[in-house]
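A.B. asks: Sequence:
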Amino acid sequence: MHPLRVLSLSCMWSLTVAGMGQNLTQYPPAIKSRINETASLYCQVLGIVSFCYTVAWMKLHPQSDTMELCKNIQMHIDVERQSCRADILKATTEDSGTYYCAVVYKERLFIGNGTVVVVEGQDSPSVEIALTVRHRNDSLAVLTCVVTGVHPSQARVFWVLEDVSEERGQSESVWTNGSSPPSVFTRNQVVVSLPEFGSGEKHTCVVESRGMRLNRSLTLSDTQDICHTASVHRMLGIASALLLQMMMVAMAQHIRKILTGSSWSVRSMSHRTG
Numbered sequence: 001m002h003p004l005r006v007l008s009l010s011c012m013w014s015l016t017v018a019g020m021g022q023n024l025t026q027y028p029p030a031i032k033s034r035i036n037e038t039a040s041l042y043c044q045v046l047g048i049v050s051f052c053y054t055v056a057w058m059k060l061h062p063q064s065d066t067m068e069l070c071k072n073i074q075m076h077i078d079v080e081r082q083s084c085r086a087d088i089l090k091a092t093t094e095d096s097g098t099y100y101c102a103v104v105y106k107e108r109l110f111i112g113n114g115t116v117v118v119v120e121g122q123d124s125p126s127v128e129i130a131l132t133v134r135h136r137n138d139s140l141a142v143l144t145c146v147v148t149g150v151h152p153s154q155a156r157v158f159w160v161l162e163d164v165s166e167e168r169g170q171s172e173s174v175w176t177n178g179s180s181p182p183s184v185f186t187r188n189q190v191v192v193s194l195p196e197f198g199s200g201e202k203h204t205c206v207v208e209s210r211g212m213r214l215n216r217s218l219t220l221s222d223t224q225d226i227c228h229t230a231s232v233h234r235m236l237g238i239a240s241a242l243l244l245q246m247m248m249v250a251m252a253q254h255i256r257k258i259l260t261g262s263s264w265s266v267r268s269m270s271h272r273t274g
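Per the UniProt record's numbering, the sequence shown runs over residues 1 to 274.
By construction, these hints were calculated from the structure, which means they are not laboratory data.
Treat the hints with care, since some could be wrong.
What the hints assert, rightly or not - Here are the simulated DSS-like pairs of lysine-lysine, each with C-alpha atoms no more than 30 Å apart in a straight line:
1. Lys90 with Lys32
2. Lys71 with Lys32
3. Lys90 with Lys71
4. Lys106 with Lys71
These numbers come from a predicted model, not from an experiment.
Build the full structure now, drawing on both the sequences and the hints.
C.D. replies: Spelled out as structure tokens, the structure:
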């Protein structure tokens, strides 16, 4: 979502939003930092009268696509660079995101072009691979490689199919819902044909990050185990549902018989007394 769309309606009523990057230039475009280090962002104000203490910094929330004001940064005047500097002290992985500087001038809101901040954690990346088959009789299988412990921008994920060809696959960054603080992992998927996969050839997910190279592989035996487990669970679920339904039907019939017998007894007694 475009950052201009996430501004609150109250701001839109009273301010005219200028184009991004107009009169405000941010640099560098991206920053890589480590935990407990200081990440410095720069915002250069051009063509408008403003002071650094009037510059606001906002962070684009990766989950909700909304902007929030940054409160954990320190602002300074960099005379040499003629810019306003914002320092993120003792950075954590939760500080990763896209930061924008903003200035209000003559009822117009100016927003910078943005700086991407990536704070690397100290954990080594861990690789998990899951296989899903679209349909039992389908000829295609979707191989999924999940990479955790490293920011998606710091990891290169690809596949080596049948130990021969390299396939990039489709990578996406996934943010966990409901976690505090929010975390992100990489999910890469590639589609292979089942006849080729069923021939016993090995397919490997490769992760390159911070000078390390990790990999995990899947073979035919892995898919058999996964499919078998899924089918057993499915059969148990169906059997349990059918058994529960049969018990409820039998119980309903039994209760109906009891109620019918009771009403018949009451009618018989009323005829006798009459």
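A.B. asks: Now tell me, hint by hint, if it's right for this structure.
C.D. replies: Here is what the structure says about each hint:
no. : hint              : verdict
1   : Lys90 with Lys32  : 13 Å, holds
2   : Lys71 with Lys32  : 20 Å, holds
3   : Lys90 with Lys71  : 14 Å, holds
4   : Lys106 with Lys71 : 25 Å, holds
In the structure shown, no violation is registered for any of the earlier numbered hints.
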